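Could you put together the complete structure from these sequences and hints?
Those letters in the sequence shown? Residues 1 to 448, per the numbering used here, in order.
Because the hints were derived from the structure by calculation, they are not lab data. Wrong hints could be hidden among the right ones.
[What the hints assert, rightly or not] Below, computed lysine to aspartate or glutamate pairings styled on DMTMM-like, alpha-carbon distance capped at 20 Å:
{"id": "1", "residue 1": "360", "residue 2": "394"}
{"id": "2", "residue 1": "311", "residue 2": "194"}
{"id": "3", "residue 1": "325", "residue 2": "194"}
{"id": "4", "residue 1": "325", "residue 2": "299"}
{"id": "5", "residue 1": "424", "residue 2": "327"}
Just so we're clear, the structure is a prediction, and the values are computed from it rather than from any experiment.
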Amino acid sequence: MSKLIYRSVQGAASRSDLPDVAQLMYWLMLRNVASEGIVYTDPKPPHRTSLPGCIVASPSYPADGMSNTTQDYVYNWTRDAALVATEIALSGPVAGDSAVAQRLVDYVNFANTCQTNSTGDLSYAVYTIEGRPRQEDWPHQNDGPALQTMAVLRAFDRLDTATWQTARTVVQNNLDFLLADDRYQQPSTNLWEEVRGQSFFTRSVQLRCLTEIKDNEVGIGVPPGLDVAIDWLIKALDSHWNDNDGYYVSIMDSANPRDGYDPNIDIVTASVYGAVACTDAKVLATAAKIRAQWADPNEPKVYPVNIADAKLGLGPLVGRYPGDKYDGDNDDPNAKGHPWALCTANLAQLYYCVAAAVAKDNAVPCKDMSAAFFDQVGINRQTPVSTAAQLLGEAGDKMLQALVHHSDHLALSEQFDAATGFEKSVHDLTWSYAAFLSAVRARAVLAS
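Put into structure tokens, the structure is as follows:
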């Protein structure tokens with residue numbers, strides 16, 4: 001008798017309502033958020049349990065050789081947790097979650113615990129589910145404090161008064177860390193935890209953070225040196241432009257450069273979560289190259305799944321960078337990269353944001369530098385504004401619909417196989433859900 005194999009149904013993407021799907025994504029995301037009533041055990045060692053407010057990056061870890069991945073994601077990444085907390089603050093009421101306030105209180109208190117245990121070094125990127133710095137040889141990063149600060153600002157009005165001072169303390173610690181000794185000018189490990197240098201993403205989120213602090217209305221004092229830091233970061237971001245190749249360079253002054261690291265999706269991610277405007281012609285020029293390298297059938301790095309999906313009116317799915325060799329399932333140095341759910345959702349969000357800007361400004365920012373971005377979705381300088389906004393929105397929809405189509409019964413993993421489209425790597429990546437929710441929020445602005 002042959003072995004019985006179960007499969008999960010695929011979503012009928014073109015007929016699935018994206019806001020309805022987002023409602024479910026919200027609840028799927030919350031499975032990874034610890035609370036008083038939802039407690040997780042640490043797989044190493046299992047006698048340790050999660051504190052409320054810990055946001056597990058994924059419930060996946062190697063289990064006696066039975067897992068599909070060698071990766072252990074049962075940790076709280078400062079960056080990932082901040083992006084999830086932002087979606088809880090902004091999407092929770094829409095999803096009808098009456099416990100939003102308590103989840104955010106837990107998040108702030110857990111962040112405070114992590115800071116206390118880090119003894120002043122807030123560059124720790126990863127913490128255990130008990131809120132202790134990951135003591136392995138793990139890269140240090142400087143994007144987390146900025147993203148965490150912005151998450152607390154989003155959450156502030158939903159917190160109880162007893163937590164306000166803790167929230168202000170968390171933010172003040174982050175600002176002290178970023179501004180002390182001009183740390184915002186110093187290199188750190190980049191978004192993908194692979195290359196050390198001056199990261200476009202890190203600089204962009206730091207700039208947005210400091211700009212929001214300057215204008216905050218929740219009683220957080222504006223620290224000295226803020227304007228100097230803002231001006232420095234603006235100029236630093238401009239220095240990433242590579243005029244010869246026509247894209248923003250993701251890492252400047254790399255200590256350990258990699259071949260094929262650009263064009264890198266973290267430029268798009270830096271626009272979605274950071275300070276670089278979605279209509280920046282250089283961002284759009286970079287985004288066009290990012291899309292082309294994985295969607296154009298004539299490109300050597302094209303994902304076969306995108307060729308198949310295009311016939312269905314879906315996609316494309318996009319990955320991190322053209323030379324990627326991390327497949328999420330093992331540590332094989334000869335592996336090839338694959339599309340990521342969060343990367344695809346971020347590019348979809350860029351389309352929505354540009355569409356909203358086009359509608360608001362009643363103009364299409366189609367210039368020589370950004371012409372390829374618009375041409376990819378059928379827009380040129382003669383395209384009417386209303387048509388351009390519609391086409392950009394449809395481009396974002398096709399990408400999110402591809403995520404629905406390739407999801408595991410609407411559950412999102414970290415990656416999809418570049419050839420088959422089936423999910424791979426760690427399952428239920430919390431950031432994947434947060435990125436989907438963020439994109440749908442941007443879509444709602446376009447639809448309003």
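How the hints compare with the structure:
A threshold of 20 Å between alpha carbons decides the hint, and for residue 360 with residue 394 the separation of about 17 Å falls inside it, so the pair holds. At roughly 35 Å between alpha-carbon atoms, residue 311 and residue 194 are farther apart than 20 Å, so this suggested pair is violated. Using a Cα cut-off of 20 Å, the hinted pair residue 325 and residue 194 holds, with the two alpha carbons roughly 11 Å apart. At most 20 Å may separate the alpha-carbon atoms for a hinted pair to count; residue 325 and residue 299 meet this at roughly 18 Å.
Restraint check for residue 424 and residue 327: the C-alpha separation of about 8 Å stays at or below 20 Å, so the hint holds.
The structure is inconsistent with hint 2 alone, although it conforms to all the rest.
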